[in-house]
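> One letter stands for each residue in the lines below.
Number of protein chains: 2
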Amino acid sequence: MAEKHPNVLWIMADQLRFDYLSCYGHPHLHTPHIDALAKRGVKFNKAYVQSPVCGPSRMSAYTGRYVRSHGSTWNGMPLRVGEPTLGDHLRQSGARAVLVGKTHMTADAEGMAWLGIDPKSEIGVSRSQCGFDPFERDDGLHPDSLRQNWSAYDDYLEAQGYKSDNPWGDFANSGKDADGDLLSAWLLKNSRLAANVPEEHSETAYMTDRAIAFMQGAITDDRPWVCHLSYIKPHWPYIVPAPYHDMYCERDIVDPVRSDAERDTSHPLMRAYLDARVCKSFSRDMVREHVIPAYMGLIKQLDDNLGRLFAWMESKGLSDNTIVAFTSDHGDYMGDHWMGDKDFYHEMAVKVPLIIADPRPEADRTRGSVSEDLVEMIDLAPTFMAATGCPPKPHIVEGRDLTPILHGKQGFSRRYVISEHDYHWSEMARTLEVPQEDAHTTMIFDGRWKYIRCEGFRPILFDLVTDPSELTDLGGSEDTTHIAARARMESALLTWATRHHSRITATSEVLDRQKKSAQTGILIGFWDEAEYEEASGIAFRDLKPVGRP
Amino acid sequence: MAEKHPNVLWIMADQLRFDYLSCYGHPHLHTPHIDALAKRGVKFNKAYVQSPVCGPSRMSAYTGRYVRSHGSTWNGMPLRVGEPTLGDHLRQSGARAVLVGKTHMTADAEGMAWLGIDPKSEIGVSRSQCGFDPFERDDGLHPDSLRQNWSAYDDYLEAQGYKSDNPWGDFANSGKDADGDLLSAWLLKNSRLAANVPEEHSETAYMTDRAIAFMQGAITDDRPWVCHLSYIKPHWPYIVPAPYHDMYCERDIVDPVRSDAERDTSHPLMRAYLDARVCKSFSRDMVREHVIPAYMGLIKQLDDNLGRLFAWMESKGLSDNTIVAFTSDHGDYMGDHWMGDKDFYHEMAVKVPLIIADPRPEADRTRGSVSEDLVEMIDLAPTFMAATGCPPKPHIVEGRDLTPILHGKQGFSRRYVISEHDYHWSEMARTLEVPQEDAHTTMIFDGRWKYIRCEGFRPILFDLVTDPSELTDLGGSEDTTHIAARARMESALLTWATRHHSRITATSEVLDRQKKSAQTGILIGFWDEAEYEEASGIAFRDLKPVGRP
Numbered sequence: 007m008a009e010k011h012p013n014v015l016w017i018m019a020d021q022l023r024f025d026y027l028s029c030y031g032h033p034h035l036h037t038p039h040i041d042a043l044a045k046r047g048v049k050f051n052k053a054y055v056q057s058p059v060c061g062p063s064r065m066s067a068y069t070g071r072y073v074r075s076h077g078s079t080w081n082g083m084p085l086r087v088g089e090p091t092l093g094d095h096l097r098q099s100g101a102r103a104v105l106v107g108k109t110h111m112t113a114d115a116e117g118m119a120w121l122g123i124d125p126k127s128e129i130g131v132s133r134s135q136c137g138f139d140p141f142e143r144d145d146g147l148h149p150d151s152l153r154q155n156w157s158a159y160d161d162y163l164e165a166q167g168y169k170s171d172n173p174w175g176d177f178a179n180s181g182k183d184a185d186g187d188l189l190s191a192w193l194l195k196n197s198r199l200a201a202n203v204p205e206e207h208s209e210t211a212y213m214t215d216r217a218i219a220f221m222q223g224a225i226t227d228d229r230p231w232v233c234h235l236s237y238i239k240p241h242w243p244y245i246v247p248a249p250y251h252d253m254y255c256e257r258d259i260v261d262p263v264r265s266d267a268e269r270d271t272s273h274p275l276m277r278a279y280l281d282a283r284v285c286k287s288f289s290r291d292m293v294r295e296h297v298i299p300a301y302m303g304l305i306k307q308l309d310d311n312l313g314r315l316f317a318w319m320e321s322k323g324l325s326d327n328t329i330v331a332f333t334s335d336h337g338d339y340m341g342d343h344w345m346g347d348k349d350f351y352h353e354m355a356v357k358v359p360l361i362i363a364d365p366r367p368e369a370d371r372t373r374g375s376v377s378e379d380l381v382e383m384i385d386l387a388p389t390f391m392a393a394t395g396c397p398p399k400p401h402i403v404e405g406r407d408l409t410p411i412l413h414g415k416q417g418f419s420r421r422y423v424i425s426e427h428d429y430h431w432s433e434m435a436r437t438l439e440v441p442q443e444d445a446h447t448t449m450i451f452d453g454r455w456k457y458i459r460c461e462g463f464r465p466i467l468f469d470l471v472t473d474p475s476e477l478t479d480l481g482g483s484e485d486t487t488h489i490a491a492r493a494r495m496e497s498a499l500l501t502w503a504t505r506h507h508s509r510i511t512a513t514s515e516v517l518d519r520q521k522k523s524a525q526t527g528i529l530i531g532f533w534d535e536a537e538y539e540e541a542s543g544i545a546f547r548d549l550k551p552v553g554r555p
Numbered sequence: 007m008a009e010k011h012p013n014v015l016w017i018m019a020d021q022l023r024f025d026y027l028s029c030y031g032h033p034h035l036h037t038p039h040i041d042a043l044a045k046r047g048v049k050f051n052k053a054y055v056q057s058p059v060c061g062p063s064r065m066s067a068y069t070g071r072y073v074r075s076h077g078s079t080w081n082g083m084p085l086r087v088g089e090p091t092l093g094d095h096l097r098q099s100g101a102r103a104v105l106v107g108k109t110h111m112t113a114d115a116e117g118m119a120w121l122g123i124d125p126k127s128e129i130g131v132s133r134s135q136c137g138f139d140p141f142e143r144d145d146g147l148h149p150d151s152l153r154q155n156w157s158a159y160d161d162y163l164e165a166q167g168y169k170s171d172n173p174w175g176d177f178a179n180s181g182k183d184a185d186g187d188l189l190s191a192w193l194l195k196n197s198r199l200a201a202n203v204p205e206e207h208s209e210t211a212y213m214t215d216r217a218i219a220f221m222q223g224a225i226t227d228d229r230p231w232v233c234h235l236s237y238i239k240p241h242w243p244y245i246v247p248a249p250y251h252d253m254y255c256e257r258d259i260v261d262p263v264r265s266d267a268e269r270d271t272s273h274p275l276m277r278a279y280l281d282a283r284v285c286k287s288f289s290r291d292m293v294r295e296h297v298i299p300a301y302m303g304l305i306k307q308l309d310d311n312l313g314r315l316f317a318w319m320e321s322k323g324l325s326d327n328t329i330v331a332f333t334s335d336h337g338d339y340m341g342d343h344w345m346g347d348k349d350f351y352h353e354m355a356v357k358v359p360l361i362i363a364d365p366r367p368e369a370d371r372t373r374g375s376v377s378e379d380l381v382e383m384i385d386l387a388p389t390f391m392a393a394t395g396c397p398p399k400p401h402i403v404e405g406r407d408l409t410p411i412l413h414g415k416q417g418f419s420r421r422y423v424i425s426e427h428d429y430h431w432s433e434m435a436r437t438l439e440v441p442q443e444d445a446h447t448t449m450i451f452d453g454r455w456k457y458i459r460c461e462g463f464r465p466i467l468f469d470l471v472t473d474p475s476e477l478t479d480l481g482g483s484e485d486t487t488h489i490a491a492r493a494r495m496e497s498a499l500l501t502w503a504t505r506h507h508s509r510i511t512a513t514s515e516v517l518d519r520q521k522k523s524a525q526t527g528i529l530i531g532f533w534d535e536a537e538y539e540e541a542s543g544i545a546f547r548d549l550k551p552v553g554r555p
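So the sequences go chain by chain: X and L. Numbering-wise, the first sequence is residues 7 to 555 according to the numbering used here. Numbering-wise, the second sequence is residues 7 to 555 according to the numbering used here.
Treat the hints loosely; a few may be bogus.
Here are the in silico distance ranges between beta carbons for each label pair [unchecked claim]:
{"id": "1", "chain 1": "L", "residue 1": "Gln98", "chain 2": "X", "residue 2": "Asp548", "range": "45 to 55 angstroms"}
{"id": "2", "chain 1": "X", "residue 1": "Ile544", "chain 2": "L", "residue 2": "Ser272", "range": "27 to 37 angstroms"}
{"id": "3", "chain 1": "X", "residue 1": "Glu535", "chain 2": "L", "residue 2": "Arg257", "range": "24 to 34 angstroms"}
In silico lysine to any residue, SDA-like type, Cα no more than 20 angstroms apart, as pairs [what the hints assert, rightly or not]:
{"id": "4", "chain 1": "L", "residue 1": "Lys52", "chain 2": "L", "residue 2": "Ser483"}
{"id": "5", "chain 1": "X", "residue 1": "Lys521", "chain 2": "X", "residue 2": "Ala493"}
{"id": "6", "chain 1": "L", "residue 1": "Lys45", "chain 2": "L", "residue 2": "Pro441"}
{"id": "7", "chain 1": "X", "residue 1": "Lys195", "chain 2": "L", "residue 2": "Glu540"}
{"id": "8", "chain 1": "X", "residue 1": "Lys399", "chain 2": "L", "residue 2": "Pro441"}
{"id": "9", "chain 1": "X", "residue 1": "Lys10", "chain 2": "X", "residue 2": "Gln98"}
{"id": "10", "chain 1": "L", "residue 1": "Lys195", "chain 2": "X", "residue 2": "Gln98"}
{"id": "11", "chain 1": "L", "residue 1": "Lys322", "chain 2": "L", "residue 2": "Arg366"}
{"id": "12", "chain 1": "L", "residue 1": "Lys126", "chain 2": "X", "residue 2": "Asp124"}
{"id": "13", "chain 1": "X", "residue 1": "Lys286", "chain 2": "L", "residue 2": "Ala541"}
Sample of chain X residues at the chain L side, in silico, Cβ under 7 angstroms [unchecked claim]:
{"id": "14", "residue": "Thr79"}
{"id": "15", "residue": "Gly88"}
{"id": "16", "residue": "Trp192"}
{"id": "17", "residue": "Trp242"}
{"id": "18", "residue": "Ser287"}
{"id": "19", "residue": "Ser289"}
{"id": "20", "residue": "Glu443"}
{"id": "21", "residue": "Ser514"}
{"id": "22", "residue": "Val516"}
{"id": "23", "residue": "Trp533"}
Simulated from the structure, these hints should not be mistaken for laboratory data. Quick reminder that beta carbons are idealized off the backbone N, C-alpha and C, glycines included.
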């Protein structure tokens, strides 16, 4: 009898800080449903994304590969056709990866044309959708100027009676002032208005409904599935419907993590970050105090919707055979370290919440536990592959299966987590006149030392044991301990950087085949028949010619 | 009027040491036709391949990319479908890359099947042939046990009356002893016999004929071409037809480059190399003294055939509009350093001859000159692209255009050459029990210091200024000069290793697009309309909605 595998519901929020959940310690923002998920599973305290920004973080998550391997280093940079994805591996095993929401995938149209792949064919759609079956594809930002972003959600809003040239913008992401004027939440001053749409028609509620619709339909489908439920919120525009819009206020805001000394940084790249517009913007207390309560409201709303979702799954008996994973693609500075948005490596930007609730009996022993293992987002792909019975692909997938952690066994180890960032597009690159090919940074973190290589500049170094708030940059310190730490981390970075990562055709069959060349009759170094026979155990004359095929 | 571009004849010998040509200093082996080519062009004294073994060296040559980028790290490892080649770039510009001979390409059958590419379609054939149009595809080794290696050359031999179950083996690569018995040149003792085929029907002559046939046909075809004439010789089996088989003898052999001290190496990987069968075999003076004259004969025969080829081209007026490049895919230890065959980084293995004769007037000023620039095999692809009018692809091609050197201008610079090697298949990996994913080495050379990173072991270091014969390994030296040199080279290696190389969709259009997101209406960090307008020059209300597409 074939082994029955669980399905996987892989939930991702966008731009959700790990410390904005009560199970991760927020004193005022209570997220009981996510907390309950943590009690059913394992909460990871040290989960890190492979780039602190949407696009490359997700491309890494969906391929199980580092950014330096898949090459989609920034938002909108196409993932090269030919990069294998989680969906591809699952499909080979008769399972599927299904999308409900955002991927931030940009199709490699040129690459597909070069290889003669019709974008409308099944293969072409799969390539264009990063290996997913797109049950619902919605990357969530519909600026007025981009016509092509009209989505099924806009159709839905129209059907509910919310008609405009941009329903997403005018209803879900605007609010009305006291005079009834519509104000866009692209502008931060409008963050505290109630979004111009009832909660049940907001993006978060809609995407939850869509996930339910998928799972309902999948009940009668035998194929194992990994459903990626990928919410756009709490990513900006920061606006949330009533009653969440005024559920929190300034009193509920945790003090910022920053020091005056940080503003005196001698590091040219950090100085350029601090001088960039979005960082200066969020350094203003009036901005963060205005926006954070809306951000909190969005998270509270998300938690309530997840409660609805989990209750529905329970009612349908799906909880017993569905692994539920919850995470985020990166964090949000919100003024900490005098910075805004994301794009660098302090904990609140590069660390993410990660909770995995595995219903199988093997996971009983770890329910409600906390893991301090260093894990990476790219570990999720091989974990889901293992769960759905898909054979491992160590020559392609760089992440490591987390199942041993979930099942309380030996077998998982990671000494370092890595994250990368390409800032060629930014003010910082322009200010410093860094050529686009050099505008990149790499973080390597061992749980204590966070080393950030900045091409063309000195490194940055934090000691999270003596300085857990990451306020003191030791990258230029002449203390021998710090010199030694930097040397050690550089050496580890070189080991990672020189590891095979493009050798994706090196299946075990290919590797084994290459060890056998002497037996195939391709010979070098043998003086005579006797030497050959002694070395190979085959008589030379027995290498018979086989003639014309 | 459209600019007329020259064609390119890219000649590659296999396993030809740079120092086995008279223009590179061999005292006894006179290669007047290759020497004459050098007088018509530029001879490069410091050209290095990106892996010291056939398959990966060639995959790098044909893509213009390092091994760590294309991932085909060993012979027989398929080049992943999706890796762009020289032929692909040329095709986009209406030019073509045509093959006459060996590429050592292994098609990515699984990858093609995954992307729905029919191997027999035009695209499929191109993918399978590494981007080349295969006028003649022949990888040159036809061991008895591999049926599928029957080639057009075997048909040719049969048509000339040389019939057997393996004409390549029995005629071109065997000799007859005094009793008339056929002896195979897979075994080194048979190297000095005359090959069992007249010179004009040998592989070298045949492939020369095929190149002539291609160029004859191309005279009436308007498309610019790069013809890759790729000989298998002087790669083993080491046997050559009369009169070359006894043209050289022991007197003509240059003394080996080796010292007794090398045999006492403390480096575990070097020890494992020295203990490997092929190295022990060629360490025997009786082996090298027996084989080298045959090796020399093969090179002499190659030079004579190139003389015939160049004379034919001259007679057809092709010399005036064809750039001729001559090189090798790697060298041959032949007992130097107590080693045999290739697979490591001493000069005689990793440095290759490179001569480029450019007939254009811009190259007049450098005719007959010698370049001491550090160049890599991967520089040939962008050089040929430039010559044939193909726009550069700096986001894909890692080599650098050599045209400035050929035309005596500023504009070329390289501080380091890099080469990589995957030894997972070897005795050394088995002896040392190195896991397959760790069995790799990387060389970085700045013209003086040759640093070899050996994963899991200490590095190896040679100082070619004080030790041009590379007899003294300074990799473990505690001399501060050597410590500093190793640190400097490691740092350079880290810079190279962290450089973008998978970001092949990063065209300049894509890069430019990503700088403009604020103008597309995707906004973060703006408090109000005034801030937005001040930063962007656009009035917020002018970001008009565009409605349903």
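> Now tell me if each hint is right for this structure.
Against the structure, the hints come out as follows:
no. : hint                                      : result
1   : L:Gln98 <-> X:Asp548: 45 to 55 angstroms  : holds, 50 angstroms
2   : X:Ile544 <-> L:Ser272: 27 to 37 angstroms : holds, 36 angstroms
3   : X:Glu535 <-> L:Arg257: 24 to 34 angstroms : holds, 29 angstroms
4   : L:Lys52 <-> L:Ser483                      : violated, 26 angstroms
5   : X:Lys521 <-> X:Ala493                     : violated, 37 angstroms
6   : L:Lys45 <-> L:Pro441                      : violated, 48 angstroms
7   : X:Lys195 <-> L:Glu540                     : holds, 16 angstroms
8   : X:Lys399 <-> L:Pro441                     : holds, 16 angstroms
9   : X:Lys10 <-> X:Gln98                       : holds, 17 angstroms
10  : L:Lys195 <-> X:Gln98                      : violated, 50 angstroms
11  : L:Lys322 <-> L:Arg366                     : holds, 17 angstroms
12  : L:Lys126 <-> X:Asp124                     : holds, 18 angstroms
13  : X:Lys286 <-> L:Ala541                     : holds, 13 angstroms
14  : Thr79                                     : holds, 5 angstroms
15  : Gly88                                     : holds, 2 angstroms
16  : Trp192                                    : holds, 4 angstroms
17  : Trp242                                    : holds, 5 angstroms
18  : Ser287                                    : holds, 4 angstroms
19  : Ser289                                    : violated, 10 angstroms
20  : Glu443                                    : holds, 6 angstroms
21  : Ser514                                    : violated, 9 angstroms
22  : Val516                                    : holds, 6 angstroms
23  : Trp533                                    : holds, 5 angstroms
Violated hints for the displayed structure, listed by number in ascending order: 4, 5, 6, 10, 19 and 21.
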